[in-house]
Structures are given as C-alpha cells and as structure tokens.
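Participant: Chain by chain, the residues run as shown.
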Amino acid sequence: MERLRRDFSTITLVMIPVAIAINIAIGQLIYTLKVPLYLDSIGTIFVAAVAGPLAGMLTGALTNLVWGLSGINSFYTAFWITGAVIGLVAGLFSRFGWFKVWWRAIIAGVITGLIAALISAPILTYVNGGVTGSGTDVITAVFRNAGLGILPSAFAQGVSSDPLDKAISFFIVWGVIRALPLRFLDRFSRAEDIR
Amino acid sequence: MSTSFSLYIPRESGMHRLHPLTKLALVAFCLVLGLFLPGVWLTYLAFMLLIVPLAAWAGVLPSFLRAVFKTALPVVISVFLVQGLFWPGGTPILHLGPLSLKQEGLQFAIRSAGRFITVVSSFLLLTFTTRPDGLMLALSQRGFPNSIAYIMLATMQIVPRFQTKANTILDAQRSRGLETEGNLLVRLRALLPLVQPLLLGSIIDIEERAIALEVRAFGRPGPKTSLLVLHDTPAQRVLRWLLLLAMLAVIGWRLYLAIAPRLAA
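Residue numbers (our numbering), protein chains in the order written: chain S, 1 to 195; chain A, 1 to 265.
Hints in this document: simulated from the structure, not taken from any laboratory.
Even glycine gets a Cβ: it sits at the ideal position worked out from N, Cα and C.
Any given hint could be a false lead.
Example chain A residues on the side facing chain S (calculated, C-beta under 8 Å, incomplete) [claimed, not checked]:
(1) 65
(2) 67
(3) 71
(4) 88
(5) 159
(6) 163
Just chain S, with the same shape it has in the complex (with noise of 0.2 Å):
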C-alpha cells in the first residue's frame, strides 16, 4: 500500500497525463512522416520505467481510452488492454534493471512487442474482422492465403511490426532517461532501478 502511493505521487499523477499526450502527439507526427512504426507508447513506456508497473498500466489504458473517446481514432478504445499490458511488462522490465544498459531495453522492448501482438491479435479478430485498415494488412492477406486462421494471421502481422516498434521506443526512452537531469529523475519512486 505504501508503496502504490509512493508510485502514484503527485509527480507521477502529472507525468501521466503528459506521456498520454507524448503517446498520442508522436503517434500523429510519426504518421505524418510515413514510416512504418506507431511509437505510440513512449509516453506509457517512460512512466512504467520511473514510476512502476501499474503507474505505466494506467498510462496504457488511459492512452487508448482519451484517444479514442477524443473521435480521432475511435477504435484504438477497444485496444486498451493492450496499452496496459505493454506498461505492465514495460514496468517489470525496468524492476529488474534492464533500462540501465541500452541492448538490455532493445531486448525488453522485442519481448513487449511479441506480447503485445499476441494480446492485439483476439480484439483485432473479434473487433476489426481480422484487420488494420492500415497497409500491413497485405501480410494478414498472405497469411489467410497461404491457409493459415484468422486469429493466427491477425497475429503474424502483429509480429511483423509490433517487436521492432517497441524495441525502437524502448531505446528511445533508454536515452531519455540518459539525458534527463539526476535530480529530476529523482523526484520518482523507481529512480533507482533506472539509474
């Protein structure tokens, strides 16, 4: 008990909301930079690293929850086990250290994406129909083609982005934590896992 309400100070409670709108503004810029990635989850991977597992599970969940219900991209609301879950793991990860050396957090971050896809996949089925609307929809079409499930293909094109996506925002928020001042870091209950 103690130490949730160490985890969520007033620091962490404002960090939140600004991952959340780290989350969703990176999001949009890497969308209007065309490259295959989301990097939508720097923002809740950040928080998990400095203030615990279930401060970056509530990032997660809030993320998807605020996105959606804003009407840009409504069905992200249905995804935000996933966005909790990814803080989840991303907070255990950095209870054990793995933030502190870079290939450690490229590592984690592969994991995190494999699980991530792996709890994308049921929603996208039951949900979506199986699909993104995005363009890595051709790789659930090679799938279904080559015989495999629903379920199995909505998967494999999970696995087709989601590890190197998160492996990107893991190293991304391994070299924030390097460039932000001790003393600030400080102010937050995991400090010490991180440093």
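Here the structure of chain S is known, so what remains is to put chain A in place on it, guided by the hints.
Facilitator: For chain A alone, kept in the frame of chain S given last:
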C-alpha cells in the same frame, strides 16, 4: 478552452441534457449490441434503429455520420478485400482475374463490418454528445478516483498544445535542413531529432506543474466542490437499471446460443 482535443459538439438537445451516466449506459448498451448480437445482419439493425436515431435526436447526425464513415471505411474496405478474397478453401461466387470472392469470406466480412461499425459509432455517440468534464464529474461522484478524472481531463487539454509543439519542432528542424521526405532511411533518420526535443522539453516542464498543483491542495483527501452541476431524474435512474438488465439479457442470449447446441449434443 480554446481548442479541445475532442469531437464534442455542444447542442441544446434532449440527448445532451441527459445525465452523463445515462448517456454512458445508453452507449454501453449499443456497444453490447455491437459485440454480442448473433448472426450477420442484426448489428446493422441496431445501428439503423438505435444509434442513428439517437444521433439525430442529439442534432449531430451529419458530422456524426461523417466521423463514423471516416473511421470505419479503411477497416471495412480492408476486411472485404482480405477476408473476402483470401479466404482459404471457400466457395467461390465471383471470379476476379486470379482471385475470387468466397461466400464464407463475404459472410464473415459482412458480419465483421457490422460489428465494427456498431462499436465505433457507439464510442463516437458518447464523444459527440457528452462533455468530458461532465462525465468525469459524474463518475467521481460515484466513487471513481479523482486522480483518474484529473488525468483524463488534463490529457485532453495538453494534447492540442503538444501537437502544436510537435509541428513547431518539425518546422524548426526542416528549416535547419533536416530531410523529412525521401526514402525510408532518410525518414527514419529524421525521427530522433524530432522526437528528442519534444520528449525532453515536455518531461522537464512537469516539475513546475506538480508544484503548482501541490500548493492548491491537489493531494488532499476529502470531498471537492465543482462549478459544474449535473441534473438527474428518477426516470433516468430507472432507465439506467433497465439498460443494465437489457445488456445482461443480450449477453445471456448470446451465451445461450453458444452453449445450447453443445448441451443438446
């Protein structure tokens, strides 16, 4: 609020005057219909006979339909192409060059599209007719944590500012000669100089905001007062309970349809 990160449209309609929780219950009911109605066509019926009339009652129908169309179109087109044309081993009903439209795929695509349209339009109905602060106040009054309400509302105000900031950084780096167009490698290399300033600048800012909130007793427990007053009526309270029962009934019906054949066998 100058620019808000929401498609909410203020109107003087009966739908808008409903208590936020009543609207939430209505939308949740539409969502349950979208997710759990059996068969291929029933979700379209729910969309036409419930969601569209509600949007019309709220006086937001044209912009609502435009938003539903914009969100649903890419996924609907894709589901018809991917599942309709690449369904493994289905019954072909129409030949298109080397590909053919499969009956099973077409049926799956129609069912999926109906579900997707109903789900998306339910969320959009809430967005178009409900003030975010009103909804958060209503939830806080029912014991929802204040801090989550703060997070949701603060985010909606911060995002537009951040998007402006992101565009400023994009322009600034372009004027310094950063290539943001060209092949994939060029665009990937542009990523870091764009993302880094946005991240560091905004994260450093939050310390001041935390202090500003602390001196205004943000972390203090106990009841808080609000400028916004919500109106509730006994009829709406009854309606909310009825909607909850209806949701359970729809889910129960679906479960029954899924289990009954197995019980009989």
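Participant: Under the constraints set out in the numbered hints, which ones does this structure not fulfil?
Facilitator: 1
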